[in-house]
Amino acid sequence: MLTEEQTLLLEAAGGFFAEQAPVALRRRVRDDRKSKGVDAGLWRAMGEMGFAGVLVPEADGGSGLGPVEAGLIALAAGRTLAPSPFLSSGVMAAAALAGGGEAERLGALAAGEAVIGLAVDEEGRHAPDRLTCQAEASGNGCRLTGAKTFVLDGAAADAFVVAAADAEGAGLFLVEGGADGLTRETDVLLDGSQSARLALEGAPAQRLGGADLVERFLSLGRACAAAEMTGLAEGVFALTGEHLRTRKQFGVEIGRFQALQHRAAHLFCEIELARAGTLKALRLLEADAADAAFAVAAAKAKAGQVAALAVQEAVQMHGGMGMTDEADPGLYMKRQRLLDRLLGDADQQRELAARALGY
Amino acid sequence: MLTEEQTLLLEAAGGFFAEQAPVALRRRVRDDRKSKGVDAGLWRAMGEMGFAGVLVPEADGGSGLGPVEAGLIALAAGRTLAPSPFLSSGVMAAAALAGGGEAERLGALAAGEAVIGLAVDEEGRHAPDRLTCQAEASGNGCRLTGAKTFVLDGAAADAFVVAAADAEGAGLFLVEGGADGLTRETDVLLDGSQSARLALEGAPAQRLGGADLVERFLSLGRACAAAEMTGLAEGVFALTGEHLRTRKQFGVEIGRFQALQHRAAHLFCEIELARAGTLKALRLLEADAADAAFAVAAAKAKAGQVAALAVQEAVQMHGGMGMTDEADPGLYMKRQRLLDRLLGDADQQRELAARALGY
Amino acid sequence: MIELDAFRAETRAWLEANCPASMRTPVASEEDMCWGGRDFVFQSQDQRLWLERMAARGWTAPEWPAEYGGGGLSHDQAQVLREEMARIGARPPLVSFGVWMLGPALLKYGTEEQKRKFLPPIVRGEIRWCQGYSEPGAGSDLASLQTRAEDRGDHWIVDGQKIWTSYADQADWIFCLVRTDPEAPKHLGISFVLFDMKTPGVSTRPITLISGKSPFCETFFDGVRVEKENLVGELNRGWDVAKYLLGHERAMIGAMGQAANARPLGELAAERLGRDDAGRLDQPMLRARLAEFDVDAFAFDAALEETGAALAAGRAHPAMASVLKYYGAELNKRRHELLMAAGGSDALEWEGARSNGGAAARDWLRTKANSIEGGTSEVQLNIIAKHLLRLPGA
Amino acid sequence: MIELDAFRAETRAWLEANCPASMRTPVASEEDMCWGGRDFVFQSQDQRLWLERMAARGWTAPEWPAEYGGGGLSHDQAQVLREEMARIGARPPLVSFGVWMLGPALLKYGTEEQKRKFLPPIVRGEIRWCQGYSEPGAGSDLASLQTRAEDRGDHWIVDGQKIWTSYADQADWIFCLVRTDPEAPKHLGISFVLFDMKTPGVSTRPITLISGKSPFCETFFDGVRVEKENLVGELNRGWDVAKYLLGHERAMIGAMGQAANARPLGELAAERLGRDDAGRLDQPMLRARLAEFDVDAFAFDAALEETGAALAAGRAHPAMASVLKYYGAELNKRRHELLMAAGGSDALEWEGARSNGGAAARDWLRTKANSIEGGTSEVQLNIIAKHLLRLPGA
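Chains as they are written, first to last, in full-length UniProt numbering: chain B, 1 to 359; chain Z, 1 to 359; chain A, 1 to 394; chain V, 1 to 394.
Keep in mind that a hint or two might mislead.
[To be verified] Here are the simulated SDA-like cross-link-like pairs (lysine to any residue), alpha carbons at most 20 Å apart as the crow flies:
| hint | chain 1 | residue 1 | chain 2 | residue 2 |
| --- | --- | --- | --- | --- |
| 1 | A | 243 | B | 250 |
| 2 | A | 386 | Z | 253 |
| 3 | A | 386 | Z | 247 |
| 4 | A | 243 | A | 387 |
| 5 | V | 386 | B | 234 |
| 6 | V | 108 | V | 309 |
| 7 | B | 248 | A | 351 |
| 8 | V | 228 | V | 109 |
| 9 | A | 213 | B | 234 |
| 10 | A | 386 | Z | 63 |
| 11 | A | 186 | A | 150 |
| 12 | V | 213 | Z | 33 |
| 13 | A | 386 | Z | 246 |
| 14 | B | 34 | A | 351 |
[To be verified] Not everything, but these chain A residues come out facing chain B in the computed CB check (under 10 Å):
| hint | residue |
| --- | --- |
| 15 | 100 |
| 16 | 207 |
| 17 | 214 |
| 18 | 287 |
| 19 | 344 |
| 20 | 372 |
[Said to hold, decoys possible] What follows is a set of in silico ranges between Cβ atoms, one per label pair, in the way DEER data are often shown:
| hint | chain 1 | residue 1 | chain 2 | residue 2 | range |
| --- | --- | --- | --- | --- | --- |
| 21 | Z | 134 | V | 30 | 39 to 47 Å |
| 22 | B | 130 | Z | 137 | 46 to 54 Å |
| 23 | B | 291 | V | 30 | 30 to 38 Å |
| 24 | A | 35 | Z | 251 | 52 to 60 Å |
Derived from the structure by calculation, the hints contain no laboratory data. Just so it is clear, CB atoms sit at the ideal spot from N, CA and C, and this is done for glycine as well.
Hey, can you work out the whole structure from these sequences and the hints?
If you want it as structure tokens, here you go:
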């Protein structure tokens, strides 16, 4: 169970996002192309609340908390589809930069002022064990050559954490947004966020760490994506429940139809499991446990599957209204699709889980 | 759609099995261990009806019909779980012996007097592309060495069709039940049928054909197993429907509960698909079409999945009574499990289907 | 059979000679479809020519009687025509609610005069129709509809509002359910009428869907005059016409579950996501889901052939259309879930030429309506439980 | 925490010293379980010793108050005890419906005298209990029960019939729902009473299940005398006791979804069916289903920990027990479906030493009751819809 502090954090975050980032905010960000897919004001407010810097050490201006707390913030953000760069910057970039030597940037992250894009995938695929982007040592730093796609929050980013291979294997590198040899093209995605495609031709970069860091960074990102999907499932399920209790058809509330009751009850159970699995994975990550890799993969697979069911049931149970752009279920459906795909979809997570279990 | 003759055949077979082989007959055969898992009287009656010899040429005393007709008989037999060796002997052995030179035995098959066991699997696995049983030429015939498990109708069999590898690859061989070098042990299986495990140590055998025959023989067996499972699903669904319409709980018929209605309606659709898919596969087999291999694998996978759902829903919807040995749903559940496993279960059929589609 | 072979040879020759090359390429987007109608702008001269040639033979409605402009073909001949068109990849010359839905209802319930007046322009693609069934707040519950037709002797005055009227903003005429007897119990007192969308008092407003597109409209009627000669079927028995027509709509939507000539999903996925050393799609879990889908799609196609033919021949229970509608809609949704998975992160794009305007994502979202439009999946299951399973109280 | 560490050290030492080696091997079959009771025949001296030693500390019911023979442990201490027992693979010293079900009901609803009389023999495994709830024809509909208790002053005379009474033929006493007011509406007028199965007029008949086993009985009451002092809770309010107790039963059955210390299914499957060159289970489609299962089992175990603890602490809605019961039952059924698939054709055997008497098939069939016993899955979903989702009319 959550500690008392964690319960309070979740409540605070829930209240914050409900008030500061209702679903309407994502809609606004989506419709305002100049937003670059994130709400800068929200991100700064998250800085003030200590959410943006949840993983940043206190010495660098952050909250100095751990994976569970980061997951709880992601979960609360998922409920209202808050359009912040929390996953890319607050979670993954913070983890990547944790090695040190980047106090100033960590401070900017914690303040909700910096946005750092996430450059892992290549050619539309998440395959971090087969990176084609190459790093070569050069003077004090190194230079990167290759191409990246689906760079999360890539339109708004000031800099990028880039996964690339060097002589030692996979590693993480920091590349400034304005670096020589870096070309960025942006894409509007289905949920209104804006990603980038990067072409790197000997772009100067700073090495942040090797395979161990990549592993930790990916695990943390996956676990927090699972948390955001769990919150997303909770949020859209709340809409569906309200609809079932109030919408009338054939003269009665549609929630009286037993077939819908059973489907809703089953979905409720699934969401309970997704939440419990995600929290367990976050705790095992925090404890650096041996079975954390399996748990994270299983948690993201479960949250992805459950959130997919939640958005599908939401649209279906809302009937024709659920299909309209002015209703919210569709926004949840789009965001869910992106989160499931991020860092490997449920199919890929199940594959990782099976391998972790040795079969 | 079925031709007029086929429709008449299905009706005749349906009437025959309902009358001559109601579910009670399987129960009796199961409880009478001396039956060796088949009802000899039923098999002879099937001979008289022309069912046992459906695939045997008219010249050899059979009906000289094709895969679709064989499938329709299997389908009708499935509805009441008729305890005959139709699949092993009427379908697969008849196909294996079709090469000719076995007029007398074909005549006995067509008369419902011969039972021929089906020896394909080894070590509890269906892997006909990795046979360890070996055939060596010897005089006019050859000799087999190896071991077979899950030999369908192996307790009652007078002879066996054995899949084994020789210099040319996979082939089918006929081994007499009393052959030297053959040891048979029998197993009672969950559905009351009795299979055998065979140990072959240079047992004399007659070669029936090579890889092409193996392929045709397996396809025909799989398609007819799919047909029997489709019939089984129809049969158990009829019980469930009757139960839903008559059994009362909380003061009303349980079929009034919408959650059960929707599940039953979904299952009805699935059974429609299983039947249509099975018939299509049988027709493509008959036409020797290029996509028959995919169709047969898909049909057996579909029928297996649908029949599994049908028996599970039957037991669940029958409630506690469904769990008792005296009620029929459990018998359907046990037989379904055997048919699904026979010649490769739904998982293996899906694998074959994916390969046939080139991915 | 010999006659049919001769028909096939003739048809093949005619199609070879008359189907323009550009009409033998796949329909890439909605813009490639020919909807016809008074205001339709042909995309190309070939598109116009192809419609005119096919319409001249009545082959835009192959099985309708020739006296009403149809092709007068038997079911088997029509099947041959479909096969021969598929063989050369010919596009449908006309996409038409008139052909799919109104026509069959008129053939069954229309007066001789109505058939002569309305059917030939449908065959020729001159009049584009839309359907006015659903109303706001009613959803699946058609019987509760409130659009009211007031009797004024030789005409009615219609007031009310419809929703989910597909392409109402581009349609010329509407077939519409209106309440002609406000006192009658729910299913009674409803009539099926036709009127021109240019009649004063008719207005439309497109509804933007989650796919970002607006194929549907809200449609408003404010004192619209409808002539009584445009009543189809009996007064206050429009429900019968509507039900008959819904059966046709269902069979059509159900057929979406069938992927005619589509490339196997597994091949598409392997192209994008790679293959392993054994030549298998490199994502084993996705591969397993694809195989489950392909098995179901195979069985569904078989059921569509089998039951579709029986339905057309009147040899299947009409409620079997609900089986096809239900399963086809769910299957099509699954297909697009898998297409999204196979598409990798590129399939998340929403704009731009690279992704053809976010086509993958938008098509995926569009399919979510399949299980809502034309009667929800829940309604189909209710129908199956009642009419095919005869469950009590269903 | 320091106290808990000390408790752990003590417990570990005590278990090491007192748990016989033969009681540290896995429970292979029902015969290995110690059910206790007047007529119980211990399988071995070790089995008897292990029960006696644990019972002497009250550790057969660790969280019950010491004054009634229980262990008097806190929830955290009991958790430590479970962990330490699991560490050495210690068998449960006692399998008991008295501990799992009746005890908690008595602790909440029993009189002081009832607690003193009934709880200590349960802890010591001296009296084996069975449960008399379901009746023929009633199934999930407990409120319609018809077993009738006629008031005779200081006692009742009970007539009627129960079904699904687990191990009634081996039980010493029964806790039983009887109708004490035939006039009251359904849920009212029912009382919760206890009586000895040796009372004249009680008889039982085993029910053979599809697994070929008979853990259940039909139980008949013909003029059975029941003392009024053996009424638990208020007269005519037995429903409250029953509901409370069902919650406990549900949590227990739900826990079956958890595979404590079980070998991963994928490993078992790979052993029997082989691995490919990359070391993966050689059947890709089964492997995909196993991965889906393992993901769900992981999440369920986590929910069981989280919600189980909250339920025990009274910090979760009681209906959350239905979530665990529903999901756990369905998951356990899936586990055995997969075990059957992984078992190849050997798993089809029904008899003989090779297959341990057809254990795989029989265990698989037995699990099909999980979603029926203790309230069907449908009943659990109704409860969730009503109490957790507050849906109208649920």
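Verification of the hints:
no.: 1; hint: A:243 to B:250; in the structure: 17 Å, holds
no.: 2; hint: A:386 to Z:253; in the structure: 14 Å, holds
no.: 3; hint: A:386 to Z:247; in the structure: 17 Å, holds
no.: 4; hint: A:243 to A:387; in the structure: 14 Å, holds
no.: 5; hint: V:386 to B:234; in the structure: 18 Å, holds
no.: 6; hint: V:108 to V:309; in the structure: 19 Å, holds
no.: 7; hint: B:248 to A:351; in the structure: 37 Å, violated
no.: 8; hint: V:228 to V:109; in the structure: 15 Å, holds
no.: 9; hint: A:213 to B:234; in the structure: 28 Å, violated
no.: 10; hint: A:386 to Z:63; in the structure: 41 Å, violated
no.: 11; hint: A:186 to A:150; in the structure: 17 Å, holds
no.: 12; hint: V:213 to Z:33; in the structure: 18 Å, holds
no.: 13; hint: A:386 to Z:246; in the structure: 15 Å, holds
no.: 14; hint: B:34 to A:351; in the structure: 15 Å, holds
no.: 15; hint: 100; in the structure: 20 Å, violated
no.: 16; hint: 207; in the structure: 6 Å, holds
no.: 17; hint: 214; in the structure: 9 Å, holds
no.: 18; hint: 287; in the structure: 9 Å, holds
no.: 19; hint: 344; in the structure: 4 Å, holds
no.: 20; hint: 372; in the structure: 6 Å, holds
no.: 21; hint: Z:134 to V:30: 39 to 47 Å; in the structure: 43 Å, holds
no.: 22; hint: B:130 to Z:137: 46 to 54 Å; in the structure: 50 Å, holds
no.: 23; hint: B:291 to V:30: 30 to 38 Å; in the structure: 32 Å, holds
no.: 24; hint: A:35 to Z:251: 52 to 60 Å; in the structure: 54 Å, holds
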